[in-house]
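Starting from the known structure of chain A, arrange chains B and C on it as the hints suggest.
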Amino acid sequence: MSASFSLPRIRTLAMATVTQLLRMKIMAFLLVFCVIVVAAGFAFPVMNPEQQLKLLKDVSLGALQLFSIVIAVCATALLLPRDLEDRTLYTILAKPVPRHEYLLGKLLGVLILIGAGLVLMDIAFSGVLWLRQSLVLAQSVAALQQEGTATPEAVAQLKEFVGRQGLTWNLHLGVVAIFFKAAVVTALTLMISCFASSTLFTIIIAFLVTILGHGQGLIRDYFLTGHAGVVKKLLSALLAVVTPDMGVFDVVDNVINGETVTPGAFGFMAAIACTYLAGYAVVSHLLFVEKEL
Amino acid sequence: MSAESPQPPAVTVENLTKVFKAGLGKAAFTAVRDLSLTVNDGEVYGLIGPNGCGKSTTMKAILGLVTPTSGRTAVFGRPSTRVESRSEVGFLPENPYFYKHLNGLETLLFYGRLCSMSGKELKDRAREMLALTGLEDAADRRVAGYSKGMLQRLGLAQALLHRPRLVVLDEPTAGVDPAGSRKIRDLILGFKEQGITVLVTSHLLEQMQEVCDRVGIMAHGRMVREGRLDELIAVENETELVLADASPELLAEIRALVESRGHGARVVRSGHPRTTLEKLFLEVADQ
Amino acid sequence: MKRSLQALAVLLLLGIAKMPLEQAATREFRATGLLSEPMDLGMRENLSQMGFAAALGGLRSLVATITYLQAYHEWENVNWAKVDSLLQLTTSLQPGYANYWDDASWQMAYNAASYYLYDEKLQPMVRGRLYEEHVRRGIAILKEGLRYLPDEARLWNSLAEIYERRSHEPELAAQAYLEVFRISRNNRYRRFAAYQYAQSARPEFWSKAYDILHEAYQDPRQRTPSLIDTLKTLEDKLGIPTMKRIPDARRSMEVAPTELGPIR
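Residue numbers (this note's numbering), protein chains in the order written: chain A, 1 to 293; chain B, 1 to 287; chain C, 1 to 264.
So here's chain A without its partners, still in its complex pose:
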């Protein structure tokens, strides 16, 4: 095993991966996303303003999650088989490129793509939310003025209330949590594709593990505190060991609701994501380093 580590080489491979994925028209999803956000922002005017802002946040951040997970699984699952099929992998690995650098380049490429996609979508979403919230505020203030109760205190209170429901820094931290989750799923999928025999197999297993990972909190509780039989306990223990806990990153649901992501919580999530990235990268390398091409 060579310990060489060339950042420019990894960057070259990562950027090639990004352009390769961009060419697959993956970013068309961004357009769809914008349509969804605008629709969610303005489609249900009958509800009360607070609920409208919540709906906009729910739908947008839901779409964001979906985008990041689907790209993480599908794009990553495609990478190795495609390079192998096109024999591009031969020409790359016949150069003095260690296999771990190739893997890291691919991983980094997908992460850059997902990160950039999330940033763009976050900007679009923030724009619409800000617009919507200004509109809601203007309407409420107008209503107050009509009632003749628009005192400066009342307007300030209203502003504060709508502001809490609207755009906050916290929402962006929620988006970062979504990115952490997607990063774990990406590393997981890359690891699976290192031993999988087909793209379909990789995609199915990656989604399965991701879904199981979301129920891991339940599985772990069951195995730590449940009253189940030995076989059931062993099975749930194995599942808890093998699958990552995706639920840890699901703070965005409550962030929508106004809960704050503390620096401690943020650090916790970052640490867990990094642990998985490192662990899965090592396993991927071990599986890939002697793979017959």
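Be a bit skeptical, because a hint or two may be false.
Simulated coverage check for chain A against chain B, where a stretch passes if three residues somewhere in it have a Cβ under 8 Å from a Cβ of chain B [as the list claims (entries may be wrong)]: (1) 13-21; (2) 80-90; (3) 185-193.
Every beta carbon over 12 Å from chain B, so not counted as near; a handful from chain A, in silico [said to hold, decoys possible]: (4) 6; (5) 170; (6) 172; (7) 204; (8) 212; (9) 237.
The hints are simulated quantities; they were obtained by calculation from the structure and are not laboratory data. Cβ atoms here follow ideal geometry from the backbone N, Cα and C, with glycine treated the same way.
Using the frame of chain A, we list chains B and C on its own:
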């Protein structure tokens, strides 16, 4: 062995055996069996044999793309399992394919960066390689639109980019039209002049005959014959005599002479020598 | 082969090493409200497969929004049972979101209850019964919500209003208003509580009301017409000596401008 000599051979393969494990319930497949060969610095070595005889697996082992089940392979004395062994090798795989979204120049820049080249040096070298392989006009076109022959030449350019001392070519002319094929042949001859070692596989024997110094013939994963090309193909007990504008009378006289004073010699055949179809095609195409 | 065994070993080690980390994170995040309590598995019966999977997959908020919209749709169809069960699902998906509890109880205690009260196809007895039942349901929903959000002034206020206007239980309304005061420190809710105590049929609550209002009276800004009226009534009811009574002239004093909303 020769690895201990001051100038190690370009390629060393010692007792290489490669067994591919099959899925459950299927028998394992032995692609290469106890194969040994040496390619000396500066020569053109041809590895020939029918499809599936283990040529490609041998090449992949030399390039470290597959791990030998037993035996060892080395490039300029460095074991193939190590990444450094590939710093002086250029490889052209069979029917190469590149990232569709890049154009010719970008493709070369990509591979150059993988070889730790950069900046102006890389750009100049890439342009030089495009010129060498006749792809200057296609430099800005996306690879997706390249013909098979162009892809093959781009593959060559990519293989030569980092000035390797050894190039490994797997079926370089497969699926390429005769003109393109000839261009590739000329390039290989050019390498030889520059002192670049070439290891080439093909099942098109005629072409191999034109470029190779030495050949090895493989079948069923084993080396069947190996040696200098001229020695391998010379028919020792026959002599060729080619005449121009000979009259039938002269030919009859020669025939009579052989029969009367030949001391056992006999005429095996006579007639008009045929040009090869390849030569004919090239002549017609050039007009 | 050796490598794949190594890979398996690393994977298992990672799995064992990460568990305490995840366990701790989950516990901490739940404690700080960043993560919700795990979903009740019984919820699967009410959610479609897709909905359950999505809710499990970190889209609980979105699924809740969808069930909430469905409830609105059923409201338009005047299908109260369905409205109730969908909103119950919504609140159990996101028990930390006060608006859902508030809406769910409003649908039952106001919309459904009034619908039945004025349904002329029903026997008068049945109407009263159904009205009563739905108001009770609205109260139950709020109480359930307050188990999750004991410091949500808005829910206490809604509860107080239902006791005041729908079920006419002034003592309970008063208690709920006092909770609003406890959280918001807005004196208005203390006065509201006192007005409710004053409405009680039981004299022991009158003095509670009197104490609160009399104390509020000391602050000139709180001397609203309602306060003065109620205080006067209570003075009569409790037989307060003339010496201690508030002067008559102040009875319809102007309100301080900082007080918002209906003047009470």
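Taking the hints in turn, this is what the structure says about them:
For the segment 13-21 of chain A, the stated coverage by chain B is satisfied: 4 residues place a CB nearer than 8 Å to a CB of that chain, which reaches the threshold of 3. Figure legend: the segment 80-90 of chain A, annotated as covered by chain B; annotation consistent (4 residues with Cβ-Cβ distances under 8 Å, at least 3 required). Given a C-beta distance limit of less than 8 Å, the hint that chain B covers the segment 185-193 of chain A is violated, as 0 residues qualify and 3 are needed. Some Cβ of chain B comes within 12 Å of the Cβ of residue 6(A); the nearest lies about 7 Å off, and the non-interface call is violated.
The claim that residue 170(A) is not at the interface with chain B holds, since no C-beta of that chain comes within 12 Å of its own (minimum 38 Å). Every C-beta of chain B lies more than 12 Å from that of residue 172(A), the closest at about 32 Å, which supports listing it as non-interface. Here residue 204(A) stays apart from chain B, with its beta-carbon at least about 18 Å from theirs, past the 12 Å limit. The Cβ of residue 212(A) sits about 25 Å from the closest Cβ of chain B, beyond the 12 Å cut-off, so the non-interface label holds.
With 12 Å as the threshold on Cβ separation, the claim that residue 237(A) sits away from chain B holds: the shortest Cβ distance comes to roughly 28 Å.
Hint violations for this structure: numbers 3, 4, all remaining hints satisfied.
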